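Visitor: Chain by chain, the residues:
Number of protein chains: 2
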Amino acid sequence: MLNAARQLGVDLGSVCGGVGLCGRCQITPVFGDFPKHQISSSEAALTKATATEGEYEARKGLTIGRRLGCMADICGDVVVDVPATSQVHRQVIRKELELVDLVVDPVSTLHYVQMEAATLETTIGTTRRLAQALRDQWAMEHITVDPRALRDLQAAGDTCTVVIRDGVVAAVWPGFHETTYGVAIDVGSTTIAGYLLDLTTGEQLSSGGLMNPQIRFGEDLMSRVSYVMMNEGGDRLLTDLVQGALNDLVGDLAKQAGIERTEILEITLVGNPIMHHLFLGLDPRPLGEAPFKLTTDESITVPASSVGIKAHPNAAAYVLPCIAGHVGADTAGVILSDQPHTRSPIALLVDVGTNAEIVLGNQDRLLAASSPTGPAFEGAQISAGQRAAPGAIERVRIDRATLEPRFKVIGNDAWSTENPDLDPTGICGSGIIEAIAELFLAGVISEDGVVLDRPSDRVVPDGRTFSYVLADGITITQNDVRAIQLAKAALYAGIRLLMDKLDIDVIDEIRLAGAFGSHINVMYAMILGLIPDCDLTKVNSAGNAAGAGAVMALLNRDARREIETVVRRIEKIETATEPAFQAHFVDAMAFPHKTAAYPHLSQKIELPQRAAPAAQGRRRRRPSQEEST
Amino acid sequence: MLNAARQLGVDLGSVCGGVGLCGRCQITPVFGDFPKHQISSSEAALTKATATEGEYEARKGLTIGRRLGCMADICGDVVVDVPATSQVHRQVIRKELELVDLVVDPVSTLHYVQMEAATLETTIGTTRRLAQALRDQWAMEHITVDPRALRDLQAAGDTCTVVIRDGVVAAVWPGFHETTYGVAIDVGSTTIAGYLLDLTTGEQLSSGGLMNPQIRFGEDLMSRVSYVMMNEGGDRLLTDLVQGALNDLVGDLAKQAGIERTEILEITLVGNPIMHHLFLGLDPRPLGEAPFKLTTDESITVPASSVGIKAHPNAAAYVLPCIAGHVGADTAGVILSDQPHTRSPIALLVDVGTNAEIVLGNQDRLLAASSPTGPAFEGAQISAGQRAAPGAIERVRIDRATLEPRFKVIGNDAWSTENPDLDPTGICGSGIIEAIAELFLAGVISEDGVVLDRPSDRVVPDGRTFSYVLADGITITQNDVRAIQLAKAALYAGIRLLMDKLDIDVIDEIRLAGAFGSHINVMYAMILGLIPDCDLTKVNSAGNAAGAGAVMALLNRDARREIETVVRRIEKIETATEPAFQAHFVDAMAFPHKTAAYPHLSQKIELPQRAAPAAQGRRRRRPSQEEST
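Those sequence lines, one after another, are chains X and H. Under this note's numbering, the first residue of the first sequence is numbered 1, with each subsequent residue one higher. Under this note's numbering, the first residue of the second sequence is numbered 1, with each subsequent residue one higher.
Keep in mind that the hints were calculated from the coordinates and are not lab data. Be aware that one or more of the hints could be misleading.
In silico EDC-like links for lysine to aspartate or glutamate, alpha-carbon gap of 20 Å or less [what the hints assert, rightly or not]:
1) Lys293/H to Glu116/X
2) Lys293/H to Glu571/H
3) Lys572/X to Glu121/H
4) Lys48/H to Asp77/H
5) Lys594/X to Glu447/X
6) Lys572/H to Glu116/X
7) Lys293/H to Asp158/X
8) Lys501/X to Glu121/H
9) Lys293/H to Asp283/H
10) Lys501/H to Glu121/X
11) Lys572/H to Glu121/X
12) Lys572/X to Glu116/H
13) Lys255/H to Glu178/H
14) Lys572/H to Glu178/H
15) Lys538/H to Glu509/H
16) Lys572/H to Glu562/H
17) Lys501/X to Glu404/X
18) Lys293/H to Glu121/X
None of these values were measured; they are calculated from a predicted model.
Let the hints inform the model, and build the full structure from the sequences given.
Guide: Here it is, written out as structure tokens:
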């Protein structure tokens with residue numbers, strides 16, 4: 001049956017090559033009449049179950065009615081069902097990572113072979129005996145052996161299972177070896193997330209994350225580059241830290257999955273350009289100053305040990321390509337998992353960090369840019385700002401009449417009004433967005449971003465400006481609002497620049513990637529005008545779309561070629577040198593925007609009326625206490 | 001002029017690509033009339049010398065009359081001489097290593113490039129800017145960059161010199177970098193020899209050797225394999241020792257040549273199968289027992305660090321292919337340098353060690369085998385035997401009448417008769433050959449290898465047999481003669497087996513490789529019948545022919561393809577399973593041989609008359625002293 005499937009091009013799996021060991025070629029014969037096809041399928045059409053199948057059943061179990069395709073001989077017309085789990089290129093559906101319809105077809109594949117025993121007359125070496133067995137038993141031509149696999153080949157003996165990657169034997173195990181594993185890693189500046197998968201089934205066996213230990217050299221990327229600029233050998237230190245974390249993560253994932261780390265053969269990695277350079281041991285400084293030179297915008301394959309990861313001695317790490325100086329391999333991962341280049345709706349992908357990485361387009365054209373938002377969205381440059389961590393305010397509501405706030409902190413589901421003992425440690429990016437948007441909706445902040453003097457204990461003078469007291473010690477200051485205005489204007493202007501290039505005014509869907517994208521309430525983001533107008537049901541968090549892209553590149557070899565090709569096709573726009581960027585930036589300072597309309601948003605919520613331009617400048621400030629004394 | 005040369009296919013070198021830095025494109029214009037070609041060449045045919053040429057002249061000197069081809073523009077018909085040193089693929093003649101007519105065309109080449117500077121608008125990474133520069137300035141397509149070279153690429157800046165190996169940038173230096181270096185190494189069981197060469201000129205800058213530190217685990221190969229068999233982790237220890245020696249040797253060679261070891265980009269290695277396995281970190285045990293499994297009979301390229309050598313971080317080590325379980329990469333090196341596969345005379349190449357590696361044939365067919373000679377030729381299994389080292393007897397003459405000996409020791413040119421204070425430490429392989437051959441010629445040893453009772457103080461009873469006292473404490477015993485008989489019979493039988501396969505009775509030339517081959521007096525080898533009859537003027541030591549082969553593979557990329565192809569074509573003969581081998585072995589026990597004729601030898605020297613077979617067995621022994629008491 002396995003031979004028939006091969007001859008007919010039916011997608012039926014096998015690792016053991018047809019000796020009844022692996023169980024990958026299971027099929028279900030279907031008996032009965034099939035008049036349409038003029039076939040009558042009976043039990044006599046297949047030979048009886050063999051002793052080998054009995055042994056397999058005892059060892060691993062076999063669903064009733066199933067047969068091993070390599071053991072069942074065909075004696076007559078028969079109808080056979082190939083279950084999904086027996087298909088080599090089967091599709092997996094992965095909810096956590098939002099991967100749908102992914103075909104499992106990794107770069108490395110397992111093959112069980114039986115070499116002809118060496119005799120005194122054998123005039124060829126073991127490598128060529130192996131190549132011959134692969135030719136005879138697997139119809140694979142011109143296979144060579146990686147020198148690093150020779151030692152294992154020696155130890156394995158004549159009956160062994162080999163891993164073949166790009167026509168080269170990368171690993172050898174004695175006897176029959178069932179599976180290999182891979183790890184996909186998204187290296188963020190704050191957190192590093194990893195996923196361990198079975199490369200033969202595509203099943204995810206464990207996932208986990210840890211903090212990027214570089215964080216002690218600064219929360220945002222630029223402070224890490226600054227550290228390298230100021231400290232001799234600083235890049236080596238940061239590289240060692242992130243590589244150590246990668247290795248720890250892989251160890252954790254293996255432990256969780258109950259496997260040895262030496263069984264891991266493939267690694268894929270994504271990350272922003274600075275993380276990309278640092279985990280590869282490259283100098284990140286060229287990325288920190290104009291012209292923001294990217295060392296390479298091509299994919300890279302290195303030994304896993306080169307990125308500090310202890311795994312199989314011949315494990316390879318594939319790093320997705322960066323796109324431009326500030327648009328990294330993480331964005332390439334987002335594109336790969338979100339697939340804007342294969343669809344007709346105009347999609348906007350935004351990954352907010354120290355820079356916002358922006359991708360806009362569809363199957364016809366895809367544009368990418370980065371906007372210098374600065375780290376305000378990450379809570380930096382905000383008076384009470386902090387990273388999104390337990391204790392940080394992440395949700396804010398303000399009573400339109402009393403101006404009294406309520407809030408939630410990360411790690412606690414109750415609103416502050418129900419839990420007066422909440423002691424917030426600060427406010428994170430999504431919290432500051434909600435706070436300013438609510439203050440805007442409540443009339444405390446004007447469309448131009450001025451904190452107005454309102455008759456409330458919550459509004460207090462602060463030098464020549466006013467602040468809003470959100471909680472004990474946590475205040476939204478005029479400077480905070482300005483920082484968010486600058487950041488959001490930069491983000492919007494970058495997006496608008498790409499819309500100009502595409503000559504469009506409407507975006508069909510928006511995906512917000514990264515941690516910020518997961519936490520932010522998209523409506524508030526729109527109220528403040530971070531993003532252009534869009535049907536709110538079409539604005540979603542992409543979750544860890546970058547990690548999902550890394551998983552795709554792990555499970556499917558074509559996904560690697562796909563993203564390499566797409567990245568080459570992307571039109572890279574440099575915001576710094578585009579005159580239109582500055583104009584868009586100025587217009588985008590207002591909430592939600594000076595000129596752009598938000599029809600979809602207006603259907604949902606009543607935005608404060610824009611004051612007549614003439615009113616501007618005539619608004620009177622209440623003198624601050626310092627000034628009046 | 002350089003452009004014209006390129007267009008016309010004239011072999012004119014350039015590393016800097018035509019900016020007047022490297023001086024590789026020097027030419028000599030020849031002025032005058034060339035009526036045959038209807039050309040009149042005058043000084044006006046070339047532009048005047050440029051300032052750049054003046055700078056080059058001041059910096060590096062320029063022979064009078066020479067011009068830099070890249071600076072001289074052609075204004076009219078001109079005749080030009082391209083000196084040998086300006087030819088890319090120039091031929092070198094190497095006396096020490098007996099390399100003739102070798103074309104310098106190494107696997108890695110140097111190219112000076114000037115990349116377009118990155119700007120804010122640059123949308124491609126440095127790797128692709130480099131690829132573009134190589135396309136524009138060197139017409140090289142599809143060049144990629146090895147990830148290990150990225151860090152240097154970052155540091156080098158936009159004007160740099162790259163090393164390209166197999167279409168991949170392996171190294172980058174800032175600005176103009178003139179040359180790279182390579183080391184060829186012959187890893188013998190006793191000594192390790194190395195040669196450091198300039199890869200652009202083919203010039204040998206240093207050579208040297210050191211003892212293989214494994215020697216403390218036994219002089220012969222089998223004792224090293226035994227050590228591994230008996231000691232857990234023994235292979236790792238032996239690998240560490242030999243790799244440490246390789247690294248030391250490379251350090252010595254670099255120091256001698258006055259270069260940094262990090263400037264070494266290419267390494268080539270040869271060695272017998274056991275050394276091959278050990279320096280590659282492979283388990284040698286399969287080579288120590290039937291069926292003598294060779295892990296690979298293909299060439300291997302690994303990072304130099306994989307064989308323990310610290311050099312350029314991206315240095316590669318190319319290991320020539322082994323031929324069979326007992327016929328190693330050293331023999332492949334001998335074949336490469338001796339080229340029997342390109343010539344019509346039937347050549348015999350013999351490398352004597354613990355096993356004799358034998359190659360026989362010509363351009364039509366090439367056969368290889370190994371014969372189990374054992375280590376007697378290396379001085380082992382000989383009562384007073386020792387390795388060829390200072391103090392060892394290497395030359396012996398015996399007076400036909402008095403049976404008095406004279407001898408020479410290694411490290412001293414005088415005969416013992418002129419220097420009675422000589423205190424030999426033992427006798428080495430070539431010494432024992434000469435001693436037995438002289439004793440045979442003097443009638444002390446019979447054609448069947450019996451030490452005869454002769455009336456001389458030098459012949460003394462030794463148990464039931466007799467010994468010959470060569471010097472104080474150095475005696476040639478009956479057992480010694482038997483050991484040499486066994487060894488030489490094995491060698492001869494192996495050779496004869498290959499002659500049978502080729503169906504020939506006459507060998508046109510014999511080359512004796514390795515240390516034994518260099519020291520042995522070929523006439524004595526023929527008197528004892530180690531080798532078949534041959535015109536004595538056609539029997540030569542091959543010197544370090546294995547090392548010469550390694551040098552060829554270092555300097556010329558085609559030499560690598562050549563030996564890989566030839567090795568595949570060689571017919572491997574296993575002596576152990578050939579019934580004829582045993583018969584040849586028995587016949588070859590006599591001196592020089594029971595049946596084979598030595599017409600060439602008989603022209604030179606009178607061999608003792610063969611005793612009638614009936615005389616055998618009737619020869620009377622004198623009772624030993626022990627027996628008589």
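Visitor: Please work out if Lys572/X and Glu116/H have their alpha carbons no farther apart than 20 Å.
Guide: With Cα atoms ~18 Å apart, Lys572/X and Glu116/H stay inside 20 Å; holds.
Visitor: Checking one constraint from the list: CA of Lys538/H to CA of Glu509/H, max 20 Å. Satisfied?
Guide: With Cα atoms ~5 Å apart, Lys538/H and Glu509/H stay inside 20 Å; holds.
Visitor: Between the alpha carbons of Lys572/H and Glu121/X, is the straight-line distance 20 Å or under?
Guide: 9 Å, holds
Visitor: Given the hint that Lys501/H pairs with Glu121/X, does the C-alpha gap stay at or below 20 Å?
Guide: This hinted pair holds, its Cα atoms lying about 15 Å apart.
Visitor: Assess, step by step, whether the Cα of Lys501/X is no farther than 20 Å from the Cα of Glu121/H, and give holds or violated.
Guide: 15 Å, holds
Visitor: Need the status of pair Lys293/H, Glu116/X: alpha-carbon distance at most 20 Å?
Guide: 12 Å, holds
Visitor: Does Lys255/H pair with Glu178/H here, judged by a C-alpha cut-off of 20 Å?
Guide: 19 Å, holds
Visitor: Taking only the CA atoms, is the gap from Lys293/H to Asp158/X under or equal to 20 Å?
Guide: Roughly 11 Å between the alpha carbons, so the hint for Lys293/H and Asp158/X holds.
Visitor: Can the restraint linking Lys293/H and Asp283/H be considered satisfied, given a maximum Cα separation of 20 Å?
Guide: Within the cut-off at roughly 11 Å; holds.
Visitor: Would the hint linking Lys572/H and Glu116/X be met if the CA-CA limit is 20 Å?
Guide: 18 Å, holds
Visitor: So if I understand the rule, the pair passes when the alpha-carbon distance is 20 Å or less; does Lys48/H with Asp77/H pass?
Guide: 15 Å, holds
Visitor: Take the C-alpha atoms of Lys293/H and Glu571/H, compute the straight-line distance between them, and say whether it is at most 20 Å.
Guide: Cα-Cα ~17 Å, so holds.
The structure shown violates the earlier hints numbered 14 and 17.
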